[in-house]
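Undergrad: Kindly produce the complete structure, drawing on both the sequences and the hints.
Protein chains: 4
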Amino acid sequence: MPLSSHEQQEIEDLRAVQTSTRRLTVPDLEAILYQALPVLDHGFVRVIDYMGSDSAVVQAARVSYGAGTKRARQDAGLIRYLMRHAHTTPFEMCDIKYHVKLPIFVARQWIRHRTASVNEYSARYSILDNEFYIPEPEHLAAQSTSNRQGRGDVVSGDEAARVFDLLRTDAEQAYAHYEEMLNEDVQGNVRDESRQGLARELARMNLSLNFYTQWYWKVNLHNLLHFLWLRSDAHAQYEIRAYATVMLDTVRRWAPLTYAAFMDYRVGGANLSARGLDVVRRRLRGEPVTRRDVGMSPAEWRELNDLLAADDTSDSSQLPLLPY
Amino acid sequence: MPLSSHEQQEIEDLRAVQTSTRRLTVPDLEAILYQALPVLDHGFVRVIDYMGSDSAVVQAARVSYGAGTKRARQDAGLIRYLMRHAHTTPFEMCDIKYHVKLPIFVARQWIRHRTASVNEYSARYSILDNEFYIPEPEHLAAQSTSNRQGRGDVVSGDEAARVFDLLRTDAEQAYAHYEEMLNEDVQGNVRDESRQGLARELARMNLSLNFYTQWYWKVNLHNLLHFLWLRSDAHAQYEIRAYATVMLDTVRRWAPLTYAAFMDYRVGGANLSARGLDVVRRRLRGEPVTRRDVGMSPAEWRELNDLLAADDTSDSSQLPLLPY
Amino acid sequence: MPLSSHEQQEIEDLRAVQTSTRRLTVPDLEAILYQALPVLDHGFVRVIDYMGSDSAVVQAARVSYGAGTKRARQDAGLIRYLMRHAHTTPFEMCDIKYHVKLPIFVARQWIRHRTASVNEYSARYSILDNEFYIPEPEHLAAQSTSNRQGRGDVVSGDEAARVFDLLRTDAEQAYAHYEEMLNEDVQGNVRDESRQGLARELARMNLSLNFYTQWYWKVNLHNLLHFLWLRSDAHAQYEIRAYATVMLDTVRRWAPLTYAAFMDYRVGGANLSARGLDVVRRRLRGEPVTRRDVGMSPAEWRELNDLLAADDTSDSSQLPLLPY
Amino acid sequence: MPLSSHEQQEIEDLRAVQTSTRRLTVPDLEAILYQALPVLDHGFVRVIDYMGSDSAVVQAARVSYGAGTKRARQDAGLIRYLMRHAHTTPFEMCDIKYHVKLPIFVARQWIRHRTASVNEYSARYSILDNEFYIPEPEHLAAQSTSNRQGRGDVVSGDEAARVFDLLRTDAEQAYAHYEEMLNEDVQGNVRDESRQGLARELARMNLSLNFYTQWYWKVNLHNLLHFLWLRSDAHAQYEIRAYATVMLDTVRRWAPLTYAAFMDYRVGGANLSARGLDVVRRRLRGEPVTRRDVGMSPAEWRELNDLLAADDTSDSSQLPLLPY
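Protein chains in written order, with our numbering: chain S, 1 to 324; chain L, 1 to 324; chain A, 1 to 324; chain F, 1 to 324.
A few of these clues could be false.
Pairs involving identical chains hold if they fit within one copy or between any two copies, as the list cannot separate such chains.
[To be verified] Think about it this way: if two alpha-carbon atoms lie no more than 25 Å apart in a straight line, the pair counts; the simulated SDA-like pairs of lysine to any residue are:
no. : residue 1 : residue 2
1   : K70       : Q18
2   : K70       : H226
3   : K70       : R241
4   : K70       : E193
5   : K70       : G286
6   : K70       : T25
7   : K70       : E179
8   : K70       : Q109
9   : K70       : L82
10  : K70       : A160
11  : K70       : G150
12  : K70       : R114
13  : K70       : P256
In case anyone wonders, no lab produced these hints; they're calculated from the structure.
TA: Set out below in C-alpha cells:
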C-alpha cells in the first residue's frame, strides 16, 4: 500500500466531512473522492475535486438559465452529436482535479499534455521518498523487433533476474548516495556535522527516472478525454496506460453519457483517410481494389486491412448501452 | 430587470436544491449561486459553479494528502508569498464558471483573453433578443483630447439627446429589419408565406455591436485575476470594467485571502522599471535626480511622479486586514 | 479592389526588397508574400511572414543537427505517418502570419480558435472604414428547413431585392451616424466645434456586424490545419469558408507534403465510430445489418450510409500524387 | 566540445547555404544561426530559425499594410510603451526556434512553461548518449541554511571530492547497466544473442536525472521573455539560469529594442505592492513608517528595504542606451 498511516488518516478525515451545496453533485464520483486508487507498485490516482458532469455539458451547449437538461434520451443524443461533430467546447465546462503519484519517466510523458494545470512536489524544496518503480514480471518486455518504438515478448529466466537485480540495486545505491550527499537529519539519518551537505536541488540529480514523484493535476473534460485517448491506446507505453485505465474509470463514474460517447467515437472508432474510404466504398460495391489502386504504402495498407478485418472483440454489443 | 419570469423561475428552481458533498464548499459564494447580478442596462453575471477556494491553493502548493491548510495565519502568509513571487500555478487549481449577458462590443474585448472556456449563444442557430445597450447619461463620454484611446468629459445637453436618439433609433430599426428578413413565426411575428426568410447566420449581420449576447465562461483563478487586473483598471473601457467590478466581488466571496493578496500586490501595486527604482533610491538618499539623469521619456517621467506623489487614497489602511 | 493606392504602394515597396538569409525559404510562398488575396467583397488575406516548411517538420521529428531531411519519399512517408498517428507536435514547428480583412461577424467565429496570436485594428483608438459586407446574390441563402444551423435555397426576386436594400441602407445609415457622433475632421468631414464628439470606443457600437475589421493573425501549422479542417468544412458558414479556401491554398504553396497528407487524412477522410466500424466489417463479410443491430440513431445511421455510398467524386485518383 | 565532427559538419553545411527572401531578416542573429552555443559541460543552445524582430512588433501593433516602422525613436518609444502597459500581444508576433541539449532535471523545470512547442529526442525510440552533467567545483553548492529552496556556500575539500566521485561513479554505472540491459549492437557493444534485450522504453528508467536529453523548442517572443524573466532570476536554479543567460543574449541580437525595454521594465524593475508604495510615498514625504504601520510580514519588510537600499550596481547608467 503506497500510503503511510498518517496520510491514510488525512484522507479519511477529508472523506468524513459532508457539507451542503447548491452545486451539481455526482454521487458515483463522491463515493471514491480522495481515495488512493492504486497504480503500478507504489503509485496512485486520487480524485480531489470536480466541477460539472454530463448535465453541465448540456447546460453549456444550450447556454441555459437553468439546468439545461431535458429528457435523458435527448441529453444523450445531444452529447453524442457534440462528440461526433467535434463540438468540443461544452466538454471544457467540466473540470476534475487529481493527485497522482507516478514514476518520473511517466511524469515526463504525461507533462507533454500542456492543457492542464500542475503542481509537482518540489525536490528543490523537499526530499524525495525512497520509492522507485520495478515492473511486474509480466511487464518486463523485450524491445520489439518489428517496431522501433514498442515492446516485444516478455523477458524471463536468468535475463529477467539480472534485470531486476540491476534495476533494484542501482536505485537503492542511488538513493543511499542521495541521502549521503544531502547529509540531513531525516528518516533516521544522523547529520555528520563535519560536512555541509549538498543542496537538495543538486543532490536529486543522482536519482534515476524510476523514482516516484507526485503532483496535483487539473484538467477539463475535453482535454482529459484527449489525454486518455492517446494514453490508453495500445501504442502508449504500458506504464502510463496503467494510469489512463484507472482514470478512464473515474470518467465513467463522473460523466457516464460522455464516457459512452467517447468509447464509441474515439476509443472504439477509427479515422479513415480519403484513400481508406475509397477502398471501403469500392469493396462494398463488390469491386476489387489493390494497394496500388489507391496509392497506399505497404504499412498503411496493412493497418487498413487489419482494421477492417478485426473480429467481433470490439463489436457494438460490447459498447455501453444507449438510453434509446 | 434582464430576466423573464420563466428564466427567473428556472434560477429559483436551481437554488432550491441542496445536496450533500464531500468537496470543499464556500458558503459565501453559494449564497449568490445562480443569481443574476445586474450589470449595465440589460446585462448580468451569474456564478454557475466553482471548484476550490483559498484552501485548494494551499493544498496544491503543498501537494498534500489532506486539506493542506494549517493555521489561517500561515495560509494567508503562503498565499501572499505565492502572489508576491509569481508562483502562479497553485491559483490555477481553482475554477469558476459564469453565465454572462453582455453587449457584443464588450464580448469582443473579453474574448481576447484566450485562457478560458466559452460557449456562446449561437445566432446561427437561434434568434437574438431585442436588447441593446444604451449608456447611462453619466457614461456618455466624449473622446479624450489627451489620450487617443480614452474618454474625456461627459457629453450632455442637445448633443447627448441627439446621440441617445441615434443609438436607440438605429438599433430599433436594425432589429425590426432583422425580424423582417428572418420572416419567422416568433415573438408575435407572423411569417409571410410568400417569402422564404433569410438564413439566421446572414440576417444577424444587420444587428449593431451594442446588441446583447450571452455565454458561459469558465476560467481558473489565476487567469481570472489576470483578466480582472487588466479589465478593472482605469484604462479599460467603462463597459467591460462594469463587469470586472461585479466579478471582483465574486472573487472576494470565493477566495478572500487570495482576493486580499491580489488587491495588495496587483490592483493597488505598481511595477517600477530599473530607471524608476533608480529614481526612488536616489531620492530616498536625498539626492536630486532629473528626467535626463535616468533617460526617461516625458510621459514616463510624468507617470512615475504621479505614482509616487499619489495621496493617501490608496494607503495601506484601506487594504483588507491581514490575519497577522 | 480593397486597397487604396497608398496601401498598394506600401505592399509593392515591401515586395521589392530581397535580402539574403541562412534560413529555410519557400519560393512558392515568397511569390505571393505580402500580396492581398481577395476574399468576399472587400476582404483579403495577406501572408506577411512564415517560418519553416515540410522539412522543418521532418527536422523536428528527427531532432536533427542538420536539415533532417532524407530522400523526398522518406520525408513524405514520415509526414504521412505523423499525420496518421496524431503525432502533432512536429507540425507546431512551422508558423505563418497573416494580415486579414474580414467582416466582424466572421471575426467573431474566427477568434474562437484560441491557439493563435492576434492584433486587431482598434476601434477604441482609430476610426473604422466605411466598408461593409453585402453577399453576392448566389450566397443570399434562406434558412435551411432541415437543419436549424444552416442554409437552404437561394433567396431571389423581390425578396432578395428587399434584403439587399435593407442591408445596404441600414449599414450606410449606421456609418453616417457613427461619423456624426464622432464629429471629427476625417475623410472629408468637418468638425462641428459646438459639439464635443462621442468617444470612439462608444460610437463604434452603432456599427453593424457586417462592417469590416482587420487583424494580424499568427498561428502554427498544426493549429492552422485544425482551423482549416473545421472552417473549410461544408458545415461552416460560407463567409468564413471563403477565407479558409484561400488560406488552404497558401498551405499548399508553403508545405506541399503536409498539405497532401492533410487532404487525405483530414479533409477527405472520416471518423468511423465503433458502431460504424462494426457495420462496415459486417457488410464486408456479407452479413446484413440493421440500424437497431448497432443501436444508432436515425440521423447517425443516415450520415453513415451517405458516407459509405458516396460516389467517386472523392475517390483516390483526385488526391494529390504521392512521391511513391 | 559537445558535438561530434559529423554533427559539426551538418551545422557547417546548413550555415553555408544562403538564399534570397522577401521576409524580414536580422543579420545579427543570422551570424550565429545553427551554431552550438555551449552551456554547462555538455549542453548547448542553437538558434534554428526565427520570424520577425522589433519591426514586426511595431507592424502588428499598428496593423499596418507595409513595414509599419517609423523613425527609430518612435519605434523604440512604442515598444517601451507596449512593455510598460502590458500590451503583450504584439510581442507574440515574433517566433524563435531553438535546439537545446540539457540535463533531464533542467528539462523537467523548463517544460513547466507550457506556451511553447517541443519535440524531444525519444528514449523510447532511440538510445541516449553517455553524457551526464557534473557541476563545476564553484557550483557545487551546499543547501542554504536560510532558504529551504536555495543554495548556500560552495562545498569543497574532501566533501566535494566525495560528491564528485559519487555522482560520476553512479552515472557511469547506471549507463553501463543501461547498455547491458539493452543488449544492442551499438557504440562498440556486441549483442549477446542468448539474451533478448530489454525494451528501450524500460531500460532508460535506470538513467539518472543528470543525463542529457535534447529537444527542439519553439516559442514566441512574449512567452520567451516571460520564461527568461523567471529563469534568469537569482532565485532560479543555477543550471537553468545558465541556459537563460545564453538565450537572453540571442534576444539582444534578435530584437534589440525589445531587449532594452525588457531589461529596464522586467529584469531590472520590481513590483511594489500597495503597502510597499505606501512606504515609499511616506518616506519621500519625510514621514517615519514602521513595519506595523503597513502590516507587512518581517520577510516582506526585509525584502522591501533590501530593494530600496540597493546600491548603484543596478543604476540606470548600466541600462542599454535609448535612441532618444
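Undergrad: Against each hint, give a clear statement of whether it holds in the structure.
TA: Checked hints:
Within a single copy, K70 and Q18 get their C-alpha atoms only as close as 29 Å, which misses the 25 Å cut-off; across copies the closest is 20 Å, which meets it. Taking identical chains as interchangeable, the C-alpha atoms of K70 and H226 are never at most 25 Å apart, the minima being 27 Å within one chain and 32 Å between chains. Taking the shortest Cα distances, K70 and R241 never come within 25 Å of each other, neither inside one copy (36 Å) nor across copies (33 Å). In this homomeric assembly, K70 and E193 never come within 25 Å of each other (Cα to Cα): the closest approach is 70 Å inside a single copy and 32 Å across copies.
For the identical chains of this complex, K70 and G286 are neighbours neither inside a copy (44 Å) nor across copies (40 Å), given an alpha-carbon limit of 25 Å. In this assembly of identical chains, the alpha carbons of K70 and T25 lie at most 25 Å apart only when taken from the same copy (18 Å versus 27 Å across copies). Proximity of K70 and E179 under a CA criterion of 25 Å is satisfied in neither setting, with 60 Å inside one chain copy and 28 Å between copies. With identical chains, the CA atoms of K70 and Q109 are never at most 25 Å apart, being 40 Å at best within one copy and 28 Å at best between copies.
In the homo-oligomer, the alpha carbons of K70 and L82 lie at most 25 Å apart inside one protomer (16 Å), although the nearest pairing across protomers, at 41 Å, exceeds that limit. Proximity of K70 to A160 under the C-alpha cut-off of 25 Å is found in neither arrangement, the shortest distances being 57 Å within a copy and 38 Å between copies. Taking CA atoms no more than 25 Å apart as the test, K70 paired with G150 passes between copies only; the shortest distance there is 24 Å, against 46 Å inside one copy. In this assembly of identical chains, the alpha carbons of K70 and R114 never lie at most 25 Å apart, being 35 Å within a copy and 31 Å across copies at closest.
In this homomeric assembly, K70 and P256 come within 25 Å of each other (Cα to Cα) only inside a single copy, at 16 Å, whereas the closest approach across copies is 37 Å.
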